[in-house]
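Order-wise, the sequence lines are chains X and W. Plus 215 on top of the position in the first sequence (first one is 1) and you've got this note's numbering. Plus 215 on top of the position in the second sequence (first one is 1) and you've got this note's numbering.
Read the hints as simulated data drawn from the structure, not as lab findings. Just so it is clear, the structure is predicted and the values come from calculations on it, not from any experiment. Heads up, a few of these hints could be off.
Since the list gives no way to pick out one identical chain from another, each pair is judged satisfied if it fits inside one copy or across any two copies.
To be verified - With a cut-off of at most 25 Å between alpha-carbon atoms, the simulated SDA-like pairs for lysine to any residue come out as follows:
#  : residue 1 : residue 2
1  : 467       : 438
2  : 467       : 496
3  : 447       : 358
4  : 467       : 265
5  : 447       : 311
6  : 467       : 490
7  : 467       : 362
8  : 292       : 232
9  : 292       : 216
10 : 467       : 263
11 : 467       : 502
12 : 467       : 501
13 : 467       : 308
14 : 467       : 488
15 : 467       : 498
16 : 447       : 319
17 : 447       : 312
18 : 447       : 307
19 : 467       : 494
20 : 292       : 259
21 : 467       : 499
22 : 292       : 306
Number of protein chains: 2
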Amino acid sequence: MRATLIHAARDIRVEDVPDPVLRQGTDVLVRVTAACVCGSDLWPYRGIVGTDEPRRIGHEFVGVVEDVGDDVRTLRKGDFVIAPFVISDNTCVHCRNGVQTSCENGAGWGGEDDAGFFVDAGQGEAVRVPMADGTLVAAPQPGDDAMLASLLTLSDVMGTGHHAAIAAGVGPGSTVVVVGDGAVGLCGVLAARRLGAERVVAMSRHADRQALAREFGATDVVAERGDEGVAKVEELLGGVGADAVLECVGTKESMDQAIAAARPGGRVGYVGVPAGGAELPIRTLFGRNVSVGGGVAPVRAYFDDLLPDVLSGAIDPGRVFDLVLPLDAAPEAYAAMDERRSIKTMLRP
Amino acid sequence: MRATLIHAARDIRVEDVPDPVLRQGTDVLVRVTAACVCGSDLWPYRGIVGTDEPRRIGHEFVGVVEDVGDDVRTLRKGDFVIAPFVISDNTCVHCRNGVQTSCENGAGWGGEDDAGFFVDAGQGEAVRVPMADGTLVAAPQPGDDAMLASLLTLSDVMGTGHHAAIAAGVGPGSTVVVVGDGAVGLCGVLAARRLGAERVVAMSRHADRQALAREFGATDVVAERGDEGVAKVEELLGGVGADAVLECVGTKESMDQAIAAARPGGRVGYVGVPAGGAELPIRTLFGRNVSVGGGVAPVRAYFDDLLPDVLSGAIDPGRVFDLVLPLDAAPEAYAAMDERRSIKTMLRP
Chain X
216 MRATLIHAAR DIRVEDVPDP VLRQGTDVLV RVTAACVCGS DLWPYRGIVG
266 TDEPRRIGHE FVGVVEDVGD DVRTLRKGDF VIAPFVISDN TCVHCRNGVQ
316 TSCENGAGWG GEDDAGFFVD AGQGEAVRVP MADGTLVAAP QPGDDAMLAS
366 LLTLSDVMGT GHHAAIAAGV GPGSTVVVVG DGAVGLCGVL AARRLGAERV
416 VAMSRHADRQ ALAREFGATD VVAERGDEGV AKVEELLGGV GADAVLECVG
466 TKESMDQAIA AARPGGRVGY VGVPAGGAEL PIRTLFGRNV SVGGGVAPVR
516 AYFDDLLPDV LSGAIDPGRV FDLVLPLDAA PEAYAAMDER RSIKTMLRP
Chain W
216 MRATLIHAAR DIRVEDVPDP VLRQGTDVLV RVTAACVCGS DLWPYRGIVG
266 TDEPRRIGHE FVGVVEDVGD DVRTLRKGDF VIAPFVISDN TCVHCRNGVQ
316 TSCENGAGWG GEDDAGFFVD AGQGEAVRVP MADGTLVAAP QPGDDAMLAS
366 LLTLSDVMGT GHHAAIAAGV GPGSTVVVVG DGAVGLCGVL AARRLGAERV
416 VAMSRHADRQ ALAREFGATD VVAERGDEGV AKVEELLGGV GADAVLECVG
466 TKESMDQAIA AARPGGRVGY VGVPAGGAEL PIRTLFGRNV SVGGGVAPVR
516 AYFDDLLPDV LSGAIDPGRV FDLVLPLDAA PEAYAAMDER RSIKTMLRP
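All chains, please: the whole structure from these sequences, using the hints.
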């Protein structure tokens, strides 16, 4: 089959690789309908994370079950399934606590499963899925491309934006600031409004992203950054910071901005993978009683909440996809996202 | 009147100072019934925080209203009052948000009020209290020394332990670890049980403090520290960390221990004043979804919850006081706490 590999910084190739086969009784094989490129895939693409040898890449996909191991109980051939970006058994104590990203038997796409077998990454034609009952979530076959796109966001960005909002304690009446206008930040806007936020300030300098933020429910947009951006936020929010700030970037600058934008007693929910040197300034947090929570989003935990709203059309996070390319154009997908020509790019095998 | 001053590290003196008088219409004068020494007072005592010139010290006291400014509405001469460790108007937006420590007009004992007048510190015979309606909380005159002691803890340590528990999200059924066996840590044990925690592991190496922790409701005691202590906690809690960890010390070591003792998705509530170099390790937090919240405790916000339970005898936090000395023995009070001969020392003018 065809699959995407990263060979080195800015060297993405789509190559022939072995067809996956079932390895364990709890596996299924999934024929990928759609995959996509993640903001975190850009880290190795940009060379910020090194690539020692060629490896498969991609951790967001949806598809159709093609073959089923003997021990799989909940999935059948022909089921449409959504793959969260982490593999989990969904039964261990951490999964029961809603932290499937810390599953005792967990694994990553493109890595090895609990028995040491290679696991395909998401940007390919097919994937062997370990612990399929725990990992995958079945959904009705999408009726159109818009629904396909929205279901695909549950693999990562919609659940991740939701995690930021939950970690920041967003609830009815909250005032919210979202730092970051990538797909996760935009989904964070949508998640905050869905949870009842009254004011949602999107911090964005790009006209197309500002427009989508507003369509997702942002009540205000602030183009300024740093101290100037924080001053603007306070001006909008009656002279105080926000109840909740969603940090959806992961740099020191964005975290500092998020902390400064929170009111005393406010909460920062962060989901941006932390870049180098971004330790949290505890004295600043202490004096203002600003808490910081979040982390790698356990999106598997949020399907019960989010999937019904996607299926009903109450939310349409799939609008973050503004570019759809065939799988073989994966190099162009990475370039488009790297150059910020695309908010989020879908790959169709 | 007599009051306590710190002149330099390990140089505490009780001296004659001017009697306080009313300065603003919203002031009251309080004759101090009891004051005490705080763990944070030991920082300048130990020279960790420098002392440039002699200054008044102490921020926890209870007493009786002796004189009342013309604009005071809620207090009368003869009222017994408890002073939170921070002065606040209790009406500004931050106070209404329950973060009186960030009051827009706030001030500290031994500092200056909003009009620039000197404010007495707590370890003395009398105190001019600015913004008295906002700052002070009236309570029935205590009937005995035990009730006096418990009411005095609402000035700081009981409210601070409660803040740690609230920030850590303690609720019915929680598993809790308390790092720190000072008065705040011990009150944290009491607060966690009061909030419904099922398991409370107190980390303590001192027999007397272990005993009080158990009397306050600790279900387990761990004497080990660092990695060994964390391993012991996990063993006690079925192989996983705690839902909630109360960090009541403020050093890098204690914070690292607290973070390591939290389960994935767990919360650290911290109230230990952060000592030097204790930035938070964001990558560790991110990967395990451990959140960190808390800060300087807005104890004024917690009187509605805690005072009734103290008055009814449901909780008896005053048991942290194991030494009572006359005001003139303040130097010995500091020495006793510094040498850990006393958990918490009361001063009676």
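Each hint, compared with the structure:
Proximity of residue 467 to residue 438 under the C-alpha cut-off of 25 Å is restricted to the intra-copy arrangement: shortest distance 19 Å within a copy versus 37 Å between copies. For the homomeric pair residue 467 and residue 496, the shortest alpha-carbon distances inside one copy (10 Å) and between copies (13 Å) are both at most 25 Å. In this assembly of identical chains, residue 447 and residue 358 lie within 25 Å of each other by CA distance neither inside one copy nor across copies; the values are 43 Å within and 53 Å between. For the identical chains of this complex, residue 467 and residue 265 are intra-copy neighbours only, at 20 Å inside a copy versus 31 Å across copies, given an alpha-carbon limit of 25 Å.
Only between protomers do residue 447 and residue 311 lie at most 25 Å apart by alpha-carbon distance; the minimum there is 23 Å, versus 41 Å within a single protomer. For the homomeric pair residue 467 and residue 490, the shortest alpha-carbon distances inside one copy (7 Å) and between copies (22 Å) are both at most 25 Å. With identical chains, the CA atoms of residue 467 and residue 362 are never at most 25 Å apart, being 35 Å at best within one copy and 49 Å at best between copies. Only within a single protomer do residue 292 and residue 232 lie at most 25 Å apart by alpha-carbon distance; the minimum there is 23 Å, versus 86 Å between protomers.
Proximity of residue 292 to residue 216 under the C-alpha cut-off of 25 Å is restricted to the intra-copy arrangement: shortest distance 19 Å within a copy versus 87 Å between copies. Proximity of residue 467 and residue 263 under a CA criterion of 25 Å is satisfied intra-copy only: 15 Å inside one chain copy versus 29 Å between copies. Taking the shortest alpha-carbon separations for residue 467 and residue 502, both the intra-copy value of 19 Å and the inter-copy value of 17 Å come in at or below 25 Å. In this assembly of identical chains, residue 467 and residue 501 lie within 25 Å of each other by CA distance both inside one copy and across copies; the values are 18 Å within and 14 Å between.
In this assembly of identical chains, residue 467 and residue 308 lie within 25 Å of each other by CA distance neither inside one copy nor across copies; the values are 33 Å within and 29 Å between. Taking the closest pair of Cα atoms, residue 467 and residue 488 come within 25 Å of each other both inside a single copy (11 Å) and across two copies (23 Å). For a Cα distance limit of 25 Å, the shortest separation of residue 467 from residue 498 qualifies both inside one copy, at 16 Å, and across copies, at 12 Å. In this homomeric assembly, residue 447 and residue 319 come within 25 Å of each other (Cα to Cα) only across copies, at 19 Å, whereas the closest approach inside a single copy is 44 Å.
Proximity of residue 447 to residue 312 under the C-alpha cut-off of 25 Å is restricted to the inter-copy arrangement: shortest distance 21 Å between copies versus 38 Å within a copy. Proximity of residue 447 to residue 307 under the C-alpha cut-off of 25 Å is restricted to the inter-copy arrangement: shortest distance 21 Å between copies versus 45 Å within a copy. Proximity of residue 467 and residue 494 under a CA criterion of 25 Å is satisfied in both settings, with 8 Å inside one chain copy and 13 Å between copies. Proximity of residue 292 to residue 259 under the C-alpha cut-off of 25 Å is found in neither arrangement, the shortest distances being 35 Å within a copy and 70 Å between copies.
For the homomeric pair residue 467 and residue 499, the shortest alpha-carbon distances inside one copy (14 Å) and between copies (15 Å) are both at most 25 Å. Taking CA atoms no more than 25 Å apart as the test, residue 292 paired with residue 306 passes inside one copy only; the shortest distance there is 23 Å, against 63 Å between copies.
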